[in-house]
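Novice: Let the hints inform the model, and build the full structure from the sequences given.
Numbering (my numbering), first residue to last: 108 to 371.
It should be emphasised that the hints constitute simulated quantities derived from the structure, not laboratory data.
There's no promise every hint is true.
Said to hold, decoys possible - Straight-line distance between alpha carbons at most 30 Å, and here's what the computed BS3-like set of lysine-lysine pairs gives:
#, residue 1, residue 2
1, LYS313, LYS341
2, LYS222, LYS199
3, LYS313, LYS292
4, LYS199, LYS119
5, LYS208, LYS142
6, LYS171, LYS208
7, LYS138, LYS171
8, LYS171, LYS313
9, LYS222, LYS292
10, LYS142, LYS222
11, LYS260, LYS313
12, LYS138, LYS199
13, LYS292, LYS260
Claimed, not checked - Quick list of the computed label-pair ranges, beta carbon to beta carbon:
#, residue 1, residue 2, range
14, GLU159, MET184, 44 to 50 Å
15, LYS208, ASP326, 17 to 23 Å
16, PRO367, VAL154, 54 to 60 Å
17, LEU306, PRO194, 53 to 59 Å
18, MET184, ARG236, 25 to 31 Å
19, PRO352, MET184, 23 to 29 Å
20, PRO352, GLU332, 14 to 20 Å
21, LYS208, LYS142, 25 to 31 Å
22, GLY155, ASN310, 45 to 51 Å
23, VAL154, LEU237, 28 to 34 Å
All residues carry an ideal CB built from backbone N, CA and C; glycine is no exception.
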Amino acid sequence: MPELAEVAFHSKAWLPAIGDVIEEVLFNADKRCCKSLVAERIQSDLVGESLEELHTHGKRMLFKFSGQCCLSVHLGMTGSLHCSSLPLSRSKFDHFTFCTKEGGFIFRDPRQFGKVELFVGEEIPEWWRLLPPEVLDLMFNFELFESYCERRKRRPLKAFLLLQECFPGVGNWMADEILWQSRLKPNRLVSALSSEERLQLFNSLKAVCRGAMDTVGVDYSDPPESWLFRHRWKPGGNCPQTGDPLARETIGGRTTCWSPSWQA
DNA sequence: AGCTCTGTTATCTG
DNA sequence: ACAGATAACAGAGC
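Specialist: This is the structure in structure tokens:
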């Protein structure tokens with residue numbers, strides 16, 4: 108599930124851990140999502156420390172602990188974070204958990220496309236600080252957007268929007284929503300856009316990220332009824348604007364939903 | 001039984 | 001070298 112706003116929401120599940128001493132860490136390094144974790148490092152770097160800060164960037168999360176380490180978490184396709192009271196009841200898909208006196212803080216991921224990694228160092232890791240601006244950041248302006256368009260001319264718009272190095276946090280449903288709101292067909296090439304269309308796309312990109320953060324990101328509620336979001340997976344779903352049937356096709360390697368009578 | 005899924009990456013191809 | 005396309009990962013739901 109997790110795109111920009113889902114990630115922001117999930118990260119808050121570990122908020123109650125802030126300030127409490129970590130007494131125990133449970134994980135299985137055989138699992139793909141934890142394969143870079145080394146038991147001895149986890150014990151020496153995390154046990155006895157406490158969670159200090161929580162950051163998100165696109166689909167990534169970073170948890171800073173006292174001492175000298177950060178945990179980076181990516182939720183992949185099916186990852187989620189949970190806070191559980193003690194004693195812990197563990198599901199078979201709980202691959203990483205740390206416990207304080209108050210509770211257990213869980214990373215759960217059935218398909219294991221997500222990832223938990225430990226970074227040791229004084230401060231926030233260098234690679235985190237070098238991530239590109241988020242879409243809602245002031246730094247993310249039309250000039251930057253146009254420079255991305257210049258470098259990715261040959262991509263269909265759908266594949267373009269999914270590039271995390273350009274639009275951190277945008278995933279499959281958000282990309283479809285952005286294209287629907289900007290009235291552009293997903294298979295159009297970036298190079299085929301007029302400057303007016305590029306501006307439409309830029310504005311919808313900002314609007315969808317903002318709208319998602321204000322709904323999903325706050326309490327996991329759905330975006331407005333007027334959005335494509337509510338209609339796109341319904342069998343026989345219709346365009347909220349024209350009432351005509353929605354189309355579905357694989358574009359840019361992902362199933363894509365759009366409204367042929369609304370998007371050009 | 002077979003196909004799908006809101007993600008990423010290694011490995012092809014041109 | 002580089003941009004874009006594809007397969008693979010693992011499990012559950014239809």
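Novice: Hint by hint, say whether it matches the structure.
Specialist: Do the hints match the structure? See the list:
1. Taking the CA atoms of LYS313 and LYS341, the gap is near 26 Å; set against the 30 Å cutoff, the hint holds.
2. Only pairs whose Cα atoms come within 30 Å are accepted, and LYS222 paired with LYS199 is accepted, the gap being roughly 16 Å.
3. For the proposed pair LYS313 and LYS292, the alpha carbon gap of about 18 Å is at most 30 Å, so the pair holds.
4. Under the criterion of a C-alpha separation no larger than 30 Å, the hint pairing LYS199 with LYS119 is consistent with the structure, at around 22 Å.
5. Taking the CA atoms of LYS208 and LYS142, the gap is about 27 Å. The hint holds against a cut of 30 Å.
6. Pair hint LYS171 plus LYS208 holds up; C-alpha atoms about 19 Å apart against a cutoff of 30 Å.
7. Taking the CA atoms of LYS138 and LYS171, the gap is about 23 Å. The hint holds against a cut of 30 Å.
8. Distance hint between LYS171 and LYS313 is fulfilled; the C-alpha atoms sit about 28 Å from each other, no more than 30 Å.
9. For the hint linking LYS222 to LYS292, the alpha-carbon distance of about 33 Å lies beyond 30 Å, and the restraint is violated.
10. At roughly 8 Å between alpha-carbon atoms, LYS142 and LYS222 fall within 30 Å of each other, so this suggested pair holds.
11. For the proposed pair LYS260 and LYS313, the alpha carbon gap of about 21 Å is at most 30 Å, so the pair holds.
12. For the given pair, LYS138 sits about 11 Å from LYS199 by alpha-carbon distance, which is consistent with the 30 Å threshold.
13. With a C-alpha separation of about 15 Å, the suggested pair LYS292 and LYS260 falls inside the 30 Å cut-off, and the hint holds.
14. For the pair GLU159 and MET184, the supplied restraint of 44 to 50 Å is violated, since their beta-carbon distance comes to about 29 Å.
15. Remark: the range hint 17 to 23 Å for LYS208 to ASP326 is contradicted by a beta-carbon distance near 28 Å.
16. Here the CB-CB span from PRO367 to VAL154 is close to 57 Å, well matched to the stated 54 to 60 Å.
17. Separation of LEU306 from PRO194 is about 56 Å and conforms to the stated range, judged on CB atoms against 53 to 59 Å.
18. Under the hint 25 to 31 Å, the C-beta atoms of MET184 and ARG236, about 27 Å apart, fit the expected range.
19. In this structure, PRO352 and MET184 meet the distance hint of 23 to 29 Å, their C-beta atoms being roughly 28 Å apart.
20. A hinted range of 14 to 20 Å holds for the C-beta pair PRO352 and GLU332, which are about 18 Å apart.
21. Range check, LYS208 to LYS142: Cβ separation about 30 Å, and the 25 to 31 Å hint holds.
22. As the Cβ distance of GLY155 to ASN310 is approximately 49 Å, the hint placing it in 45 to 51 Å holds.
23. With their beta carbons about 30 Å apart, VAL154 and LEU237 fall inside the hinted range of 28 to 34 Å.
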